[in-house]
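**Q** As they're listed, the protein sequences go chains A and B. If you're matching positions, the first sequence starts at 1 in this note's numbering and goes up one per residue. If you're matching positions, the second sequence starts at 1 in this note's numbering and goes up one per residue.
Check before you lean on any hint, since a few could be wrong.
Identical chains share a label here; the pair holds if one copy fits it or two copies do between them.
The calculated DSSO-like cross-link candidates involving lysine-lysine, where the alpha carbons are at most 30 Å apart (straight line), are [to be verified]: (1) K357 with K108; (2) K312 with K239; (3) K357 with K454; (4) K375 with K309; (5) K309 with K438; (6) K62 with K178; (7) K309 with K108; (8) K312 with K65; (9) K248 with K438; (10) K239 with K309; (11) K312 with K108; (12) K259 with K286; (13) K357 with K425; (14) K246 with K108; (15) K47 with K226; (16) K440 with K259; (17) K312 with K425; (18) K425 with K65; (19) K226 with K438.
Simulated from the structure, these hints should not be mistaken for lab results.
Protein chains: 2
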Amino acid sequence: MIRYWASLFFVLSTYSAEPVDLILSGRQVVTMDAAQRIIADGAVAIKGERIVAVGPRADIDKVYKAKQRIDRPDALITPGLINTHTHAPMSLFRGIADDLRLQDWLEKYIFPAEARNVTPEFVRAGTQLAVLEMLLGGTTTYTDMYYFEEVIAEATAAAGMRAVLGQTIIAFPVPDAKTPQLALARAEAFLKQFAGHRLITPAVAPHALYTNSDESLQASRALANKYGAPLLIHVAETKREFDESKQKRGLTPVQALAKLGVFDGRTVAAHSIWLDDEDIAILARKQVGVAHCPSSNMKLSSGVAPLPKLLKLGVAIGLGPDGPAGSNNDFNLFEEMDLAAKLQKVITMDPEALPAKTAFTMATIGGARVLGLEKEIGSIEAGKRADVIAIRLDAPHAWPLFNVYSQLVYALKASDVSDVIVNGKLLVRDRKTLTLDKSKIQAEAERYLGRIRKSITY
Amino acid sequence: MIRYWASLFFVLSTYSAEPVDLILSGRQVVTMDAAQRIIADGAVAIKGERIVAVGPRADIDKVYKAKQRIDRPDALITPGLINTHTHAPMSLFRGIADDLRLQDWLEKYIFPAEARNVTPEFVRAGTQLAVLEMLLGGTTTYTDMYYFEEVIAEATAAAGMRAVLGQTIIAFPVPDAKTPQLALARAEAFLKQFAGHRLITPAVAPHALYTNSDESLQASRALANKYGAPLLIHVAETKREFDESKQKRGLTPVQALAKLGVFDGRTVAAHSIWLDDEDIAILARKQVGVAHCPSSNMKLSSGVAPLPKLLKLGVAIGLGPDGPAGSNNDFNLFEEMDLAAKLQKVITMDPEALPAKTAFTMATIGGARVLGLEKEIGSIEAGKRADVIAIRLDAPHAWPLFNVYSQLVYALKASDVSDVIVNGKLLVRDRKTLTLDKSKIQAEAERYLGRIRKSITY
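Hey, can you work out the whole structure from these sequences and the hints?
**A** Here is the structure:
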């Protein structure tokens, strides 16, 4: 399909100006296509929800005439960044409890704070804050696991952002469901409500192996497969999870999940740190996508995922900032790229272990593969959805520009993102959000700050 | 002295308005004084080069009348950040050679590129680029080891920034000296030229144990002590350095340097990764300051410095981004704080190993202690030099604000810095640099990009 469109471009180029909706041009277009083409003085033509052509600006301008154009001669044009694991509404708990052991953090701080605060209104405000931050940082697709996921979906779609959203299934009572049976029923309603949505891919999100019964896990998989939906799950995040699974079942978490059939269908395995060689082979064979979360894995002392081994077997790897309430404190894929590369280098004592280009791949087309959306997003190619960003090179940390991938991963920042297009629609222009009310979101965050402070006793 | 001024403030508060040059106010003033006071709705009064008072804004306004005032009700006011190790002019080599083994990186890329490009003009342009980036990111003092250090000093002072600058002493011919003897003579001239300068602390910088003769190291120490100057040196950066020293001398690098008397005077030991328990005790006993460089140590696969052990023995620790040509790609102390904390947590598997407050201490008063400047800079206290910054809270990643140190270390970015004052002088106002010509610096960087590309054959 993509090749078809690409050749169509050359056919069309012999005819006169074809109307398109938007042309975005920049100093270099970093396509992340199979050939990893970088086009100097390049442009992207967009019609409706899709990219119709990418090439040198002069060639694009010969063939297409745009209703609107954004020329950024001092910017890189890249695919929108893809977040493969997060808990968006936790933005309202940013910094509430840092530098703590996981068990203390969860049981003394996060669970009580959630029990007292998480309502549909909270989830809406938290999602808007998260989406605002993500869009301003160049993220065009995110992947979520939380409660009241239908509210998250509404708020995300209203802002024009793309997301894969998983309704949580968990064994104990949570803000939106008293039992896993009720959670599964909510999940099914959610899958029906957002089936075929142009921006939202609804998913089923059993929290983890150790927080669900085997029956709930199998029911989650069956439900996901019934609707052709992905399943999102935390996998082998902590040594404790690994050890307990081995002790209880004689199997690693990955082996246990595989045996239960949880991987028989599109699966996104968040973290995937504690893996033995057999586990890695299973993930590869079952085509499970891994959402790598370096900030969270470092900050919570969870461990270091064996990325070189996973990459070697062809496992799709994307990046995730995880939740901003302890696991991390923001949704910043520029920082996750930088960390992913640097962490592997120091752990393996090999500076070639994870080069910049691999890290940028993880944030774009690699993330798309993790989500099973690689035919639709993750690269700038004719025929794909128009999820494209411009990253300014006007800050001193961007000069000089010897190597594009080095600059993207190690030097450029979320604050350098100037323009963001999702599904053909301009959502951020010159760092101004066009679909979200920034001051209203700030006021809501302040209001929740006061409320949450009052609700907690520590 | 500081207590004297603080009490004077309360005495003065009964009199009417005392004239000062500048009042800077903000939502919270994070003082980093001994009591780690955080003042809500606070202000700092500045007269000449020094802070005359810090306190609640209402109290400051009762006592002082300012010629100029900057009110930032939506910003944190903190001490300027302190960079304790870098190679500023290497900014022009940003991204030239990443993801390589140290030996290849140095011998195949950096040394040839330096031999062909490093002139006084290059050093001036590179320094201006580095200083521009550092100031915009809230760094008010930096520490440098490079060539033509007198040119670096001139460019830095012209921009109004504070720095501790070390003229390099090394065994082989380098761009500014054919022999270590010539380098020592250049260093002495440099120490004389900048003696007593209000912004520049000249220093002597023998590159490392393994790149100098014992005689050069001892001569460097003697020279530094003759002028009461600090000595800057790379220490125990790689396992190879550690192993070779043990093999050749029967001593670790720290023990060898101690035996040579190199630590008998103010010393800044960059990296300090490969340390045994005796080494740590030596650093503590000799009051050697450690410049911790997490980005560089990770990116070059050098290793992880044993910060908890160093902190336990009271060793002063600061942060350094190192050089931006392979070791890192920018001069960003917000990222170094974040990395310092996260790296220790994952390595020790203890999320309490290095809390946010400790990381922020390293970037401020800890760095000042490393440089021996803790009586002058590193905290906001009456009597100290006025090196103060404002950090805006107007980006979504800054909301809500539960914990100031968490926000500073894990969420806020260099791009949030709005105003920068060094030695009482406003250098950056609302993200506009007042002492540097940004477009000229960018044009120079582009010009050097072309030149450097032509000069290298790989």
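**Q** For every hint, state whether the structure bears it out.
**A** Taking the hints in turn, this is what the structure says about them:
1. Taking CA atoms no more than 30 Å apart as the test, K357 paired with K108 passes between copies only; the shortest distance there is 21 Å, against 40 Å inside one copy.
2. Taking identical chains as interchangeable, the C-alpha atoms of K312 and K239 lie at most 30 Å apart whether they share a chain (23 Å) or sit on different chains (27 Å).
3. For the identical chains of this complex, K357 and K454 are inter-copy neighbours only, at 24 Å across copies versus 46 Å inside a copy, given an alpha-carbon limit of 30 Å.
4. Only within a single protomer do K375 and K309 lie at most 30 Å apart by alpha-carbon distance; the minimum there is 25 Å, versus 50 Å between protomers.
5. In this assembly of identical chains, K309 and K438 lie within 30 Å of each other by CA distance neither inside one copy nor across copies; the values are 42 Å within and 44 Å between.
6. Taking identical chains as interchangeable, the C-alpha atoms of K62 and K178 are never at most 30 Å apart, the minima being 60 Å within one chain and 57 Å between chains.
7. Taking the shortest Cα distances, K309 and K108 sit within 30 Å of each other only across copies (29 Å), while inside one copy they are farther apart (36 Å).
8. In this assembly of identical chains, K312 and K65 lie within 30 Å of each other by CA distance neither inside one copy nor across copies; the values are 44 Å within and 66 Å between.
9. Neither within a single protomer nor between protomers do K248 and K438 lie at most 30 Å apart by alpha-carbon distance, with minima of 49 Å and 62 Å respectively.
10. For a Cα distance limit of 30 Å, the shortest separation of K239 from K309 qualifies both inside one copy, at 19 Å, and across copies, at 25 Å.
11. In this assembly of identical chains, K312 and K108 lie within 30 Å of each other by CA distance solely across copies; the values are 28 Å between and 40 Å within a copy.
12. Taking the shortest alpha-carbon separations for K259 and K286, only the intra-copy value of 12 Å comes in at or below 30 Å, while the best inter-copy value is 59 Å.
13. For a Cα distance limit of 30 Å, the shortest separation of K357 from K425 inside one copy, 28 Å, qualifies, whereas the shortest one across copies, 42 Å, does not.
14. For a Cα distance limit of 30 Å, the shortest separation of K246 from K108 inside one copy, 27 Å, qualifies, whereas the shortest one across copies, 48 Å, does not.
15. Taking the shortest Cα distances, K47 and K226 never come within 30 Å of each other, neither inside one copy (33 Å) nor across copies (72 Å).
16. For the homomeric pair K440 and K259, neither the shortest alpha-carbon distance inside one copy (48 Å) nor that between copies (63 Å) is at most 30 Å.
17. With identical chains, the CA atoms of K312 and K425 are never at most 30 Å apart, being 37 Å at best within one copy and 54 Å at best between copies.
18. For the identical chains of this complex, K425 and K65 are intra-copy neighbours only, at 17 Å inside a copy versus 51 Å across copies, given an alpha-carbon limit of 30 Å.
19. Neither within a single protomer nor between protomers do K226 and K438 lie at most 30 Å apart by alpha-carbon distance, with minima of 39 Å and 58 Å respectively.
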